[in-house]
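Asks: The listed protein sequences derive, respectively, from chains A and B. Residue numbers for the first sequence, in the working numbering: 1 to 99. Residue numbers for the second sequence, in the working numbering: 1 to 507.
Quick caveat, the hints were computed from the structure, so don't treat them as lab data. All values reported here derive from a predicted model rather than from experimental measurement. Keep in mind that the hints are not guaranteed to be accurate.
[What the hints assert, rightly or not] With a straight-line cut-off of 25 Å between C-alpha atoms, the simulated DSS-like cross-links for lysine-lysine are:
no.: 1; chain 1: B; residue 1: K163; chain 2: A; residue 2: K25
no.: 2; chain 1: B; residue 1: K167; chain 2: B; residue 2: K372
no.: 3; chain 1: B; residue 1: K163; chain 2: B; residue 2: K447
no.: 4; chain 1: B; residue 1: K167; chain 2: B; residue 2: K46
no.: 5; chain 1: A; residue 1: K25; chain 2: B; residue 2: K167
[Stated by the list, open to error] Here are a few chain A residues that sit away from chain B, every Cβ distance over 10 Å (derived from the structure):
no.: 6; residue: L8
no.: 7; residue: A12
no.: 8; residue: F16
no.: 9; residue: F48
no.: 10; residue: F60
no.: 11; residue: G75
no.: 12; residue: M81
Note that CB positions come from ideal geometry on N, CA and C, so glycine has one too.
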Amino acid sequence: MYAFNFLLLSAALFSFGIYGVIARKNAVMVLMSIELILNSVNLNLVAFALMNNSIDGHVFALFVIAIAAAEVGVGLAMVLMIYRNRRSIALDELSEMKG
Amino acid sequence: MIATLLAQAAEWTRPDIDWHGIAPELVLVVGINLVLLIDLWIDQSKKWMIASLTGFIMLGALVPVVTLAVVGDDVRSMFFDRYVVDDYALILKALFLLVGYLIVLMSQTELEEGGYYQGEYYVMLLVSVLGMVAMASSRDLVSIFVSLELLSIPAYMMAAWRKRDVKSNEAGVKYYLLGVFASGVLLYGMSYLYGTTGSTKLTEIGTALADTEGSLLAMQVIAVAFVIVGFGFKVSAVPFHTWAPDTYQGAPLPVTAFLSVGSKAAGFVGLMSLLFVGLYAADGVYEPFIFVLAALTMTVGNVLALRQTNIVRMLAYSSVSQGGFILMPLAVIASGDAAESALKAVVIYLLIYALSNLGAFAVVMAVSRKTKSGEISSFGGLIQYSPGLGVLMTIFVASLTGIPPLGIWIAKLASFRALIDAATGIAYTLAIIAAINTVISAAYYMKVLREIWMRPVPDGDTSEIVVPQPIWAALGICTVGTIVLGLFPGLVMRFADLPDLTGALGG
Chain A
1 MYAFNFLLLS AALFSFGIYG VIARKNAVMV LMSIELILNS VNLNLVAFAL MNNSIDGHVF
61 ALFVIAIAAA EVGVGLAMVL MIYRNRRSIA LDELSEMKG
Chain B
1 MIATLLAQAA EWTRPDIDWH GIAPELVLVV GINLVLLIDL WIDQSKKWMI ASLTGFIMLG
61 ALVPVVTLAV VGDDVRSMFF DRYVVDDYAL ILKALFLLVG YLIVLMSQTE LEEGGYYQGE
121 YYVMLLVSVL GMVAMASSRD LVSIFVSLEL LSIPAYMMAA WRKRDVKSNE AGVKYYLLGV
181 FASGVLLYGM SYLYGTTGST KLTEIGTALA DTEGSLLAMQ VIAVAFVIVG FGFKVSAVPF
241 HTWAPDTYQG APLPVTAFLS VGSKAAGFVG LMSLLFVGLY AADGVYEPFI FVLAALTMTV
301 GNVLALRQTN IVRMLAYSSV SQGGFILMPL AVIASGDAAE SALKAVVIYL LIYALSNLGA
361 FAVVMAVSRK TKSGEISSFG GLIQYSPGLG VLMTIFVASL TGIPPLGIWI AKLASFRALI
421 DAATGIAYTL AIIAAINTVI SAAYYMKVLR EIWMRPVPDG DTSEIVVPQP IWAALGICTV
481 GTIVLGLFPG LVMRFADLPD LTGALGG
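Using the sequences plus the hints, can you model the full thing?
Replies: Here it is, written out as structure tokens:
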């Protein structure tokens, strides 16, 4: 079956996402990388649901989609808040506290 | 596919719902809507009523928890055994609701004087507590994930509650980014777990993993590791702790107290349900992993706490290192006959740590109202001008150090007991590391006590600190809890029986 290809694709997406979260300095790009990670999970879940021939994976994927939307809503609000206070969304400039 | 789905839908019947069993959650849900609606119409000058209402909702949700505990030992399971109310869930629900109530008490004056948005804050607090209460009962990957997000998303917002303050912004963003990243990793692990075992139900995952008899698939190894990493962020285990000090320092103080106790405990609860019910057979993967995490968390947390001069940051690192002690018994749950004592140790540690740590934060809040400073040196001579607060801080700090007969010493004892029950070389090594760390931690806790008892007042201002009533109430509850649980741990120990958690589910 082609399920293996789906898993390979999702592993690649997941790796890109991890790389983006670690390497990117722009808050919006980091949010997009997190979306990549979550979508690789959805791909996994749907592929596994097909493989296992069970409905649980589809249901799980729907929950993940709904909650990811809520998370990104909060995330964008926070990025906006930072932009208003600092006129910049570069994450490496966020270093008020040290130690 | 759609056609088969529709065919299944026709024979669908509503699952039996145990209304008494989910009454605590229902009270919270009704309460959340009530607070949200009342906040819309209430006058700005009467906003304080929202705090009292939230407090009553927390206590109201505690009532069904108590009646459920009184009614009997029978395990109530709902939604095809995916949502379970047993003694283990009940004691933790009680803990989360009590923590919620204490946070309401601590937030009240801070919010009124700081000019924060009040109504929304309490709604967020209630939603977060609802997530924690649901986490205690979740026995399914989906419900664990949903509870985790339900408790985290409001917490991200609460950490950034001071909108105009760049420190609070930074606290919120760091917590948010690492939290969401962690849930991504956790979900990836969960998807592999579902794929290789064919179920999202923890008991079925447990059976499927036990059937492999130790020879796990590579994907299952990755799954278990990712799940632990995901929860590692939530409980701020080293090396996934980097958000914790910054978030704790930047967030408003009541929120910091809430994060260091509530969401940390909820992370441990989720991790415990997964380990004991779902992943128990994968001990070859999680035991060494958690061993390394626990040893690192204790040591790094302590060493970094030693050189802090800010009290909140010191408490942040101290809470990281306490997390290591809580993690410690989980490293040996499948060796020897340590499972039962490990479960007891973690549950009692979470309970007592919550009370002692909240108490310490309440004192810090009261003192910083006068000194307007977060430095440890601002506690100088506290005993001379506010003996009450000085003595209470001594009790909480001594409890966090682990001095008998106060609170945490019995929890530490239970953790060591679990390691000794395991009786393996790894367990003894961990016990030695933990013993050394207990001594190191005494050094920085004693630094606070030295300031309180022996140093002069820094600016010579010896007027007594005016402590608001709600904070006194919170301090009272925390003190009584810390002392009583230290002397009579049996009061709560009996709730954390292992057969309740695993046996009743056929796991």
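Asks: Which hints, by number, does the structure contradict?
Replies: Per hint list: 3, 4, 9, 10, 11, 12 violated.
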